[in-house]
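Q: Now for the letters of each chain:
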Amino acid sequence: MRSQVYEWDATNYASTNTDISASVGQQTSIFVGGLGNNITKPAETSATEFVVIEDIAVTPTAFVNSGSASDYRGLTLTLGTGIAGPRAYVQVRINTTDYFLDPDNVPNDGIPGSGSPYPRSVNFQPSFNLYPDVYVLPGQVWDVLVTWYNNAGLPTAATTCQSGDLRAFTKYTLYDGPDALIANKLLEMGISINPGNVDWYKRSLLSAQ
Amino acid sequence: MSMRSQVYEWANLAPSGQTSTLRRTTSDLPVVLPANRELDLFIGGYGNNITKPAETTATQFVVIEDIACAAQANGNVQIRINTTDYFQNPDVTNMLGIPGLASPYPRGSASSAAGTDNLLKSFDLYPDVYVLPGQTWQILYTTRDGVGSSSSTDVVAAFVKYTLYDGPDALIANKLLELGVTINPNNVDWYKRSLIEQQQAAASAAAAAAVTGGA
Numbered sequence: 001m002r003s004q005v006y007e008w009d010a011t012n013y014a015s016t017n018t019d020i021s022a023s024v025g026q027q028t029s030i031f032v033g034g035l036g037n038n039i040t041k042p043a044e045t046s047a048t049e050f051v052v053i054e055d056i057a058v059t060p061t062a063f064v065n066s067g068s069a070s071d072y073r074g075l076t077l078t079l080g081t082g083i084a085g086p087r088a089y090v091q092v093r094i095n096t097t098d099y100f101l102d103p104d105n106v107p108n109d110g111i112p113g114s115g116s117p118y119p120r121s122v123n124f125q126p127s128f129n130l131y132p133d134v135y136v137l138p139g140q141v142w143d144v145l146v147t148w149y150n151n152a153g154l155p156t157a158a159t160t161c162q163s164g165d166l167r168a169f170t171k172y173t174l175y176d177g178p179d180a181l182i183a184n185k186l187l188e189m190g191i192s193i194n195p196g197n198v199d200w201y202k203r204s205l206l207s208a209q
Numbered sequence: 210m211s212m213r214s215q216v217y218e219w220a221n222l223a224p225s226g227q228t229s230t231l232r233r234t235t236s237d238l239p240v241v242l243p244a245n246r247e248l249d250l251f252i253g254g255y256g257n258n259i260t261k262p263a264e265t266t267a268t269q270f271v272v273i274e275d276i277a278c279a280a281q282a283n284g285n286v287q288i289r290i291n292t293t294d295y296f297q298n299p300d301v302t303n304m305l306g307i308p309g310l311a312s313p314y315p316r317g318s319a320s321s322a323a324g325t326d327n328l329l330k331s332f333d334l335y336p337d338v339y340v341l342p343g344q345t346w347q348i349l350y351t352t353r354d355g356v357g358s359s360s361s362t363d364v365v366a367a368f369v370k371y372t373l374y375d376g377p378d379a380l381i382a383n384k385l386l387e388l389g390v391t392i393n394p395n396n397v398d399w400y401k402r403s404l405i406e407q408q409q410a411a412a413s414a415a416a417a418a419a420v421t422g423g424a
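Protein chains in written order, with our numbering: chain A, 1 to 209; chain B, 210 to 424.
Derived from the structure by calculation, the hints contain no laboratory data. Cβ atoms here follow ideal geometry from the backbone N, Cα and C, with glycine treated the same way. One thing to keep in mind: the hints can contain errors.
[Stated by the list, open to error] Derived pair list, reagent style DSS-like, types lysine-lysine, alpha-carbon separation capped at 30 Å:
#: 1; chain 1: A; residue 1: Lys171; chain 2: B; residue 2: Lys384
#: 2; chain 1: A; residue 1: Lys202; chain 2: B; residue 2: Lys401
#: 3; chain 1: A; residue 1: Lys185; chain 2: B; residue 2: Lys384
#: 4; chain 1: B; residue 1: Lys401; chain 2: A; residue 2: Lys185
[What the hints assert, rightly or not] Calculated Cβ distances over 10 Å to all of chain B for the following chain A residues:
#: 5; residue: Asp19
#: 6; residue: Pro103
#: 7; residue: Leu181
#: 8; residue: Gly190
[As the list claims (entries may be wrong)] Stretch by stretch, here's where chain A covers chain B in the computed footprint (C-beta under 8 Å, at least three residues):
#: 9; segment: 273-282
#: 10; segment: 288-298
#: 11; segment: 318-328
Looking at chain A on its own, in the form it has when it is part of the complex (with noise of 0.2 Å):
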């Protein structure tokens, strides 16, 4: 049982300007989308290994008025939007669902960075958390997509940002072999699956030996 986290970076934590407007107001991958820091291949469970996803946020916005062009708490804001900062949204696709939907039930962007803000701070504190928590069953492929829709609302220029200007974060726990089976089995059970319940259910284990 492994806490992990991972953070993605618009710019793959560049020191000099890059022009990331081609993919403004697409679904980017935060794995292995092409843009800021990747890893080598889809993000996915082996059999013996269980994922359970219980935090994601992104960079968030504030709503001001579209008569300033004064930046806003640390975000920049370009006149006649409104919009402080990238206006992004993060998703979490399991095979080939959308976890987050409309009332309407098509799926959506995903969580506003509003909503759930990272780095978190005074300014920017979080109206969501993620529960019940999102699991990842043995063979699945998921993914953590960020859109964004004001590149105007990242620093410097129109089209570029700089390091932490676009982040986005996630934090999941890893159940892998004994663990990864049990955690199956709590599930079946139709018990939440956390590093308490696998203790326990480790402890009853012995217990009725």
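Since chain A is already given, all that's left is putting chain B on it; use the hints.
A: Coordinates of chain B only, in the frame set by chain A:
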């Protein structure tokens, strides 16, 4: 995925020349909002909307856990189930709902566009609001002051967090409602466990009876 945490965010943003949009775009601009008019976040014709009214099917159950809106322009947010408003005045007359000052979105934002304060919530939606199978529900945003003019328009937003129970979990949610037990993921899991335990006990009893009968 039969219990899913869901979020809907609305903002008065739409492409230039439109008052509403079904999909967010990179060219969205603030939309002027009238004062003292209840605007449905889903199909109200302002800002981002969805394709049809929010309603639960026969196999869905929705639990609304949080609502919030921008505090600017004296914003308020109300829940309506079918035709019944959830929040009422003490004299049982209609009201506009929860003020954005009490339940701000984004949390930590300022009380006005030019403000420097950090609003925290004074309100917690507890107990949760249940939308039973087959019901229609709306989240209504109302600004007392109105929003915007041609040159200077506040961007205001509203937010709702809910859990969607679908399929077997919706049936369990209905059962919990009958039992008077609060509907949340923990209690749905508890009910599943109790069903499994009952089945196991019945299977054990049947096996024991078979052994006794055979002897």
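Q: With reference to the structure, classify each hint as holding or not holding.
A: Taking the hints in turn, this is what the structure says about them:
1. A/Lys171 <-> B/Lys384: 33 Å, violated
2. A/Lys202 <-> B/Lys401: 20 Å, holds
3. A/Lys185 <-> B/Lys384: This hinted pair holds, its Cα atoms lying about 24 Å apart.
4. B/Lys401 <-> A/Lys185: 13 Å, holds
5. Asp19: A/Asp19 is indeed farther than 10 Å from all Cβ atoms of chain B, at 15 Å.
6. Pro103: 3 Å, violated
7. Leu181: 18 Å, holds
8. Gly190: Non-interface label fails for A/Gly190: nearest chain B Cβ at 3 Å, not farther than 10 Å.
9. 273-282: holds (count 3)
10. 288-298: Answer violated; 0 residues pass the 8 Å Cβ test.
11. 318-328: holds (count 4)
Checked against the numbered hints above, the structure violates hints 1, 6, 8 and 10; every other hint is satisfied.
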